[in-house]
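Number of protein chains: 2
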Amino acid sequence: MSRYSRIVLASRPAGAPTPDNFRLEEAELPQPQDGQIAAHTLWLSLDPYMRGRMDAAASYADPVGIGDTMEGGAVGVVTDSKSDRFAAGDIVVGRIGWASHGILNADEVRKVDPDIAPISTALGILGMPGHTAWVGLNDILQAKSGETIVVSAATGAVGSLVGQLAKRKGMRVIGVAGGAEKCAYAVENLGYDLCLDHRAPDLPGRLATATPDGVDCYYENVGGATLEAVLPQMNTFGRMAICGMIAWYSGQGIEDAMRLPKMWRAILVKRLRVQGFIIFDHNDRFKPFVEEVAPLVANGTIHYRESVIEGLKNAPAAFLDLLKGGNFGKQLVKVSDT
Amino acid sequence: MSRYSRIVLASRPAGAPTPDNFRLEEAELPQPQDGQIAAHTLWLSLDPYMRGRMDAAASYADPVGIGDTMEGGAVGVVTDSKSDRFAAGDIVVGRIGWASHGILNADEVRKVDPDIAPISTALGILGMPGHTAWVGLNDILQAKSGETIVVSAATGAVGSLVGQLAKRKGMRVIGVAGGAEKCAYAVENLGYDLCLDHRAPDLPGRLATATPDGVDCYYENVGGATLEAVLPQMNTFGRMAICGMIAWYSGQGIEDAMRLPKMWRAILVKRLRVQGFIIFDHNDRFKPFVEEVAPLVANGTIHYRESVIEGLKNAPAAFLDLLKGGNFGKQLVKVSDT
Chain A
0 MSRYSRIVLA SRPAGAPTPD NFRLEEAELP QPQDGQIAAH TLWLSLDPYM RGRMDAAASY
60 ADPVGIGDTM EGGAVGVVTD SKSDRFAAGD IVVGRIGWAS HGILNADEVR KVDPDIAPIS
120 TALGILGMPG HTAWVGLNDI LQAKSGETIV VSAATGAVGS LVGQLAKRKG MRVIGVAGGA
180 EKCAYAVENL GYDLCLDHRA PDLPGRLATA TPDGVDCYYE NVGGATLEAV LPQMNTFGRM
240 AICGMIAWYS GQGIEDAMRL PKMWRAILVK RLRVQGFIIF DHNDRFKPFV EEVAPLVANG
300 TIHYRESVIE GLKNAPAAFL DLLKGGNFGK QLVKVSDT
Chain B
0 MSRYSRIVLA SRPAGAPTPD NFRLEEAELP QPQDGQIAAH TLWLSLDPYM RGRMDAAASY
60 ADPVGIGDTM EGGAVGVVTD SKSDRFAAGD IVVGRIGWAS HGILNADEVR KVDPDIAPIS
120 TALGILGMPG HTAWVGLNDI LQAKSGETIV VSAATGAVGS LVGQLAKRKG MRVIGVAGGA
180 EKCAYAVENL GYDLCLDHRA PDLPGRLATA TPDGVDCYYE NVGGATLEAV LPQMNTFGRM
240 AICGMIAWYS GQGIEDAMRL PKMWRAILVK RLRVQGFIIF DHNDRFKPFV EEVAPLVANG
300 TIHYRESVIE GLKNAPAAFL DLLKGGNFGK QLVKVSDT
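Sequences listed follow chains A and B, in order.
Going left to right, the first sequence walks through residues 0 to 337 as numbering that gives the first Met the number 0 numbers them.
Going left to right, the second sequence walks through residues 0 to 337 as numbering that gives the first Met the number 0 numbers them.
For reference, chain A alone in the conformation it holds in the complex:
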């Protein structure tokens, strides 16, 4: 047995999480059993969905227990293998959690090819967020050439790929992001036709001006004021793919949100389709996603941006910042160099 570091859920947040909800501690790492591997973490992914795991409320996955390691995807190096599918030294991606080391079931782990792109991309543009972007755009929204799409959290790990893929489809692509710097990046680097700063005044008016032919597809990552601005612009037979709702994850703003009948009436009158999705239901679509997108990342056609913080102990602060939109691109924690 060896010692390893991990961050556990110390307490459940009441509203917005604080550093006190997390605790860094050491623990004993067990040996891998048959069919398992041991790995040490190089990169930890931080993602908005983790906020949901901190609450006790029923969701699509069980909550993290008090005192349990915070869940999360990570890229690591295999240090010991009791599976014939992996050998020591392999680079893998799996659900190690917020920890320096972990024991994983081999059938829940995927090998990472470092020759395609930097291995950190297995947590971002070529991993779960990229897969989410691709499935939401193609399978849920069924987006088509010539249509207008609005992408909220336009420069985030998911949104940044949605926007680029939508542009490649021949859509009119409008982003919404927080701050002038992100908006400039969306237009200049990601190819958005326009990107609107949701922190500037009169988002509804600016969005209406930006979508003279209305909105056919809305890629929903945020809820809140962005959704309120998009709704009146939705066209007949429009689609909304609900991927996340970060503005409402910690309960803020819920009491100011619209009442349901306004949405219900819009769905009826405009014959909208509103659909939620969770990426782990779509594992069968990982292969076509990666076959399309990996070459475009490898040859530099598709852009991505990472926001890196060093050291596992800094993960909570980086995560709290992410929930406030403080990251710029895919948020990663560099846990170890080798």
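Hints were generated in silico from the structure; no laboratory data involved.
Please read these numbers as outputs of a predicted model, since none were measured by experiment.
Hints are all accurate, no fakes.
Simulated crosslink set (BS3-like; lysine-lysine; CA at most 27 Å straight-line):
1. A:Lys269 x B:Lys269
2. B:Lys168 x B:Lys286
3. B:Lys269 x B:Lys166
4. B:Lys143 x B:Lys166
5. B:Lys269 x A:Lys143
6. B:Lys81 x B:Lys110
7. A:Lys269 x B:Lys323
8. B:Lys261 x A:Lys269
9. A:Lys81 x A:Lys286
10. A:Lys261 x B:Lys261
11. B:Lys269 x A:Lys323
12. A:Lys143 x A:Lys166
13. A:Lys333 x A:Lys323
14. B:Lys81 x B:Lys286
15. B:Lys269 x A:Lys261
16. A:Lys168 x A:Lys286
17. A:Lys269 x B:Lys143
18. B:Lys286 x A:Lys269
19. B:Lys333 x B:Lys312
20. B:Lys323 x A:Lys261
21. A:Lys323 x B:Lys261
22. B:Lys333 x B:Lys110
23. B:Lys286 x B:Lys143
24. A:Lys286 x B:Lys269
25. A:Lys269 x A:Lys168
Fit chain B to the supplied structure of chain A, relying on the hints for placement.
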């Protein structure tokens, strides 16, 4: 030119409509032009969607203008034809409106075969409401054998067919209706497994008990308290077809309705699909609907119930009653015997 009677929209309602919003008057009937027919009305249909036409707000169809004839479908007899598709004496269904006579474009009129079923069914079980039931169940909900469906307004013109078709599919079928008499009829005559009275206490508790395996499909006609009771019961990958929301048409209860984030979270976490539809987008599905359902109506397998009021002048009172759930089955006005 000849005189005819019609009911016009006298004023727009503020909240629930009143008799003062309508006015019975006489007018001159013009001659039909080429491609048109003249008809006199036998049966007028009253439907909840008509409430929407009374408001000035933008909807899927233009509002009825102040002083214009209230819109509506009707069965009539052709009295004069300038179309080679129809002859005097033909029974037709078309949008005559709340009027004793009308001029219709022949290409917007359908012939009714009185040998299949009573001609009034062309406004109900074999007309727009039946078509709506069939499309909502098959195309929008994509309902499957073995699933559980909840049907609101379970004994109404639409719901009564949804329930019967769902039962024929091999679904567990739970109705929600107003009052013990309607609920008894739903179970005894329409074949619902259970029907819950939304006027009795604790609808959420009774609905939860009635759906131990949750709800896969919700056929939404009402909104309001029924929707609130259904939402917690929705299963993962559940579908909601929004066909109507009569509880909210006149603005009552909107300020007590849930806030949107509660619904948004349910759609995301449970991966729901919520879709609105309007039947006139689905004309290509009328033929398969009628081919399936007409023989079942003709041989008595599918049941329907009509609520008939005599005389065009009584249409407003019957319509106001319909909005409060006072009808029992398809609401018709018998305008003329021959």
